[in-house]
Amino acid sequence: MKIDTLTVGALADLSEFKGKLPHLIIPDTLFSLDAMIMVLPYAVIMALVGLIESLLTLAVLDEMSGSRGSGNQECIALGCGNVASGFFGGMAGCAMIGQSIINFTSGGLGRLSSFTAAVGLIVLVISLTDVLNTIPVGVLVGIMFMVSIGTFEWSSFSHLKHMPKADVFVMVVVTIVTVVEDLAVAVIIGVIISALVFAWKHARIWAKTYMEEDGTKVYELEGPLFFGSATTFSDNFDIQNDPQKVVIDFRNARVMDFSGVEAIDSLVKKYEDAGKNLLLRHLSQDCKKILKKAGPHCTYEEDDPTYKVAVNY
1 MKIDTLTVGA
11 LADLSEFKGK
21 LPHLIIPDTL
31 FSLDAMIMVL
41 PYAVIMALVG
51 LIESLLTLAV
61 LDEMSGSRGS
71 GNQECIALGC
81 GNVASGFFGG
91 MAGCAMIGQS
101 IINFTSGGLG
111 RLSSFTAAVG
121 LIVLVISLTD
131 VLNTIPVGVL
141 VGIMFMVSIG
151 TFEWSSFSHL
161 KHMPKADVFV
171 MVVVTIVTVV
181 EDLAVAVIIG
191 VIISALVFAW
201 KHARIWAKTY
211 MEEDGTKVYE
221 LEGPLFFGSA
231 TTFSDNFDIQ
241 NDPQKVVIDF
251 RNARVMDFSG
261 VEAIDSLVKK
271 YEDAGKNLLL
281 RHLSQDCKKI
291 LKKAGPHCTY
301 EEDDPTYKVA
311 VNY
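Numbers 1 to 313, taken from the UniProt record's numbering, label the letters of the sequence shown in order.
Do not take every clue at face value.
What the hints assert, rightly or not - Okay, derived cross-link-like pairs now, DSS-like style, lysine-lysine, Cα gap no bigger than 27 Å in a straight line:
id: 1; residue 1: LYS217; residue 2: LYS165
id: 2; residue 1: LYS308; residue 2: LYS270
id: 3; residue 1: LYS289; residue 2: LYS245
id: 4; residue 1: LYS161; residue 2: LYS217
id: 5; residue 1: LYS270; residue 2: LYS289
id: 6; residue 1: LYS289; residue 2: LYS269
id: 7; residue 1: LYS308; residue 2: LYS292
id: 8; residue 1: LYS308; residue 2: LYS269
id: 9; residue 1: LYS269; residue 2: LYS245
id: 10; residue 1: LYS276; residue 2: LYS288
To be verified - Between beta-carbon pairs, the in silico distance windows are:
id: 11; residue 1: GLY69; residue 2: VAL172; range: 23 to 33 Å
id: 12; residue 1: ALA12; residue 2: ALA166; range: 34 to 44 Å
id: 13; residue 1: TYR300; residue 2: ARG204; range: 24 to 34 Å
id: 14; residue 1: LEU11; residue 2: GLY120; range: 18 to 28 Å
By construction, these hints were calculated from the structure, which means they are not laboratory data. These numbers come from a predicted model, not from an experiment. We put the beta carbon where it would ideally sit given N, CA and C, even for glycine.
Please build the complete structure, drawing on both the sequences and the hints.
Here it is as structure tokens:
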């Protein structure tokens with residue numbers, strides 16, 4: 001019984017490669033501004049997708065092997081290989097999770113395995129094109145389905161109910177956008193959503209208060225002080241009703257950027273205008289250097305933190 005099925009040859013006939021290697025091609029419009037403008041958007045998208053896919057593959061193999069690969073080396077090799085491929089009329093490529101897992105589980109653990117796979121692919125395309133053209137596409141689809149089933153972390157479903165809802169939302173959005181659009185757009189959207197969620201979660205810095213024996217009121221801050229929380233920073237303080245001596249302890253807080261520094265200077269000015277004595281404890285040396293009005297109010301202790309503030313000096 002003959003069954004009509006879609007084959008590799010019906011999608012991409014490989015007969016033109018039979019018995020010959022590609023030759024060097026240098027386009028006449030290589031350095032044309034119009035050509036660059038036309039190619040640039042697609043080049044950026046392909047570069048992002050290739051880098052993301054390759055780094056994800058590297059991370060999967062690192063987890064499977066228990067070793068640690070070099071992401072920088074992988075990116076440089078990927079770029080050089082794609083540039084060389086383009087000059088020979090080839091398509092840009094990247095590391096593939098499916099093929100890499102098959103290679104690893106088959107015992108290919110060294111560089112020779114990847115080299116052998118590449119050379120073997122060239123030999124097959126050049127000498128066995130007639131055979132490759134007859135391979136049903138369904139066979140390749142079945143192989144990729146099995147690789148996907150073996151690669152997927154099925155246990156992750158049981159963790160969803162314990163994960164923050166924001167993280168689950170980001171995962172769902174990235175998955176849907178990857179299918180509808182492409183991986184590069186999905187990653188960019190995921191990063192933007194994650195950044196907004198982070199800013200929302202940390203848009204408030206908290207303070208606990210207690211009184212010392214000598215009547216000094218101490219504010220113990222907790223959380224990051226940056227542009228997202230700087231606007232509500234002063235809401236933690238009762239300047240008019242505070243005693244004459246006030247201490248603000250930053251032991252469990254971090255000043256992240258210049259907005260946080262300005263918020264501290266502004267608060268110090270308010271205490272000075274109210275005629276109160278204010279001390280700032282456990283600020284980093286980097287932060288103390290940037291503070292203007294608050295600088296003289298800082299204490300210097302052995303257990304001061306050493307973090308940096310994201311500003312341009």
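For a quick check of understanding: which of the numbered hints are violated here, in increasing order? 1 and 4
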